[in-house]
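This is what each chain is made of:
Number of protein chains: 2
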Amino acid sequence: MRDAYHEELHSISLDLVEMARLAGSAIGRATTALLDADLRLAESVIDSDDEIDALEHGLEQKAIGLLVRQQPVATDLRLIVTSLKMSADLERAGDLARHIAKLARLRYPDTMVPADLHATVQEMGKLAQRLIAKAGETVITRDVAQAKQLESDDDEMDLLHRTIFQHLLDERWEHGVETAVDVTLLGRYYERFADHAVSVANHVVFLVTGEHTAPAP
Amino acid sequence: MRDAYHEELHSISLDLVEMARLAGSAIGRATTALLDADLRLAESVIDSDDEIDALEHGLEQKAIGLLVRQQPVATDLRLIVTSLKMSADLERAGDLARHIAKLARLRYPDTMVPADLHATVQEMGKLAQRLIAKAGETVITRDVAQAKQLESDDDEMDLLHRTIFQHLLDERWEHGVETAVDVTLLGRYYERFADHAVSVANHVVFLVTGEHTAPAP
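Chains as they are written, first to last, in full-length UniProt numbering: chain A, 1 to 217; chain B, 1 to 217.
Think of the hints as simulated: they come from the structure by calculation, not from any bench.
C-beta: ideal position from N, C-alpha, C; glycine also.
Watch out, some of these pointers could steer you wrong.
[Claimed, not checked] In the EDC-like style, the derived pairs of lysine to aspartate or glutamate whose C-alpha atoms are separated by at most 20 Å in a straight line are:
(1) A:Lys102 / B:Asp195
(2) A:Lys62 / A:Asp47
(3) B:Lys62 / A:Glu211
(4) A:Lys102 / B:Asp158
(5) B:Lys126 / B:Asp158
(6) A:Lys85 / B:Asp158
(7) B:Lys126 / B:Asp154
(8) A:Lys85 / A:Glu60
(9) B:Lys62 / A:Glu191
(10) B:Lys102 / B:Asp47
(11) B:Lys102 / A:Glu191
[Claimed, not checked] A few chain B positions that, by computed beta-carbon distances, are all more than 10 Å from chain A:
(12) Glu60
(13) Gln71
(14) Leu84
(15) Ala119
(16) Arg162
(17) Glu178
(18) Thr184
(19) Leu185
(20) His212
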């Protein structure tokens, strides 16, 4: 049976899982809102980001409380410090989903994504969801092999991002500069979202092995 | 006289100041490299980012060491936890300076900044330097009023960023889509750099007052 101390320590991990779930849901819904020009959905993503922010603050309070009352050492201490970093990543991932929802709202009732980029953006949204879900899983499983996999999963995102640039820089681009600006930012948001998922997984690797993975460029 | 414990605690703050100094120097040099198409300078910025990363790792080791050996409470504990967050901000600010230097390198021997945007980008670079220098100062002075000022200083960055968008979306824009993409990313990098400076200052406010400032949007 777990004592209160370990319950609280475990609840920090559960908060991280919940933050990952919310960020995944947010980027999935933001992508749909963007591609379907669904204003109500975009607004629900923008509003729901507060929930992730509140979880981050709550987690920080718990972490400081544990440090003060329990003075944990070794692995537990590393878990707490690392959790603070993971929650910062997940909070930021939520922000990026909100940025995408804001782009959707800004261009409503149009969709800013040209038809020939729909499939790519769709794929970026799905991949972002998969990456953050996997990152959330590794927080619980502490599976180093799975956590390390996220780096190569992220290569897929880089490929999709490059596809977007190819479209943008193709001389046949016919959607004007405003859409080019929107699409550039959009691609950046998905890429950064994926970076934060990878960062969470890298923190898991550090937690288990004590070794830092080189940060994503 | 300070004992070894307080010396070490203080040295964490000095590391933050040094990180801020390096990030400020990096964004200043990156801006010059970009506007003058100075390849060697761009490469020196790219290489020197390792120094900031190393400081972040060192700071983390110190922080964990202090938590384990000294089991600090109250203010000291808050200082350590907050320092971890500030160092993450400063590390990220360094990354953004490196991104700008990479853009400069990518377009060398050209400069990607159209002549009519030179002054704006110049100003963004200077403002970014001022913001991060001020953020670094507040880490030592713990001056809440000064720290809170960074939010309004950041409004200047938002204005400059908006100037860039006005140029991009002006129908007389004649620099093509590739430059529009570059300039969009460039504006985003300066804006995010400034956000991280504001975030450092907000952490100082939290450290002194115990109250969270609303995060930058």
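Consistency of the hints with the structure:
1. A:Lys102 / B:Asp195: Roughly 18 Å between the alpha carbons, so the hint for Lys102 of chain A and Asp195 of chain B holds.
2. A:Lys62 / A:Asp47: violated, 24 Å
3. B:Lys62 / A:Glu211: OK: Lys62 of chain B and Glu211 of chain A at ~16 Å, within 20 Å.
4. A:Lys102 / B:Asp158: holds, 17 Å
5. B:Lys126 / B:Asp158: Holds: Lys126 of chain B and Asp158 of chain B sit about 14 Å apart, inside 20 Å.
6. A:Lys85 / B:Asp158: Violated: Lys85 of chain A and Asp158 of chain B sit about 27 Å apart, past 20 Å.
7. B:Lys126 / B:Asp154: holds, 12 Å
8. A:Lys85 / A:Glu60: Given pair Lys85 of chain A, Glu60 of chain A holds - Cα atoms ~10 Å apart, limit 20 Å.
9. B:Lys62 / A:Glu191: violated, 32 Å
10. B:Lys102 / B:Asp47: OK: Lys102 of chain B and Asp47 of chain B at ~11 Å, within 20 Å.
11. B:Lys102 / A:Glu191: holds, 17 Å
12. Glu60: violated, 8 Å
13. Gln71: violated, 4 Å
14. Leu84: violated, 6 Å
15. Ala119: holds, 20 Å
16. Arg162: Its Cβ never comes within 10 Å of chain A, the nearest being 13 Å, so this holds.
17. Glu178: violated, 5 Å
18. Thr184: violated, 4 Å
19. Leu185: violated, 6 Å
20. His212: violated, 7 Å
The structure shown violates the earlier hints numbered 2, 6, 9, 12, 13, 14, 17, 18, 19, 20.
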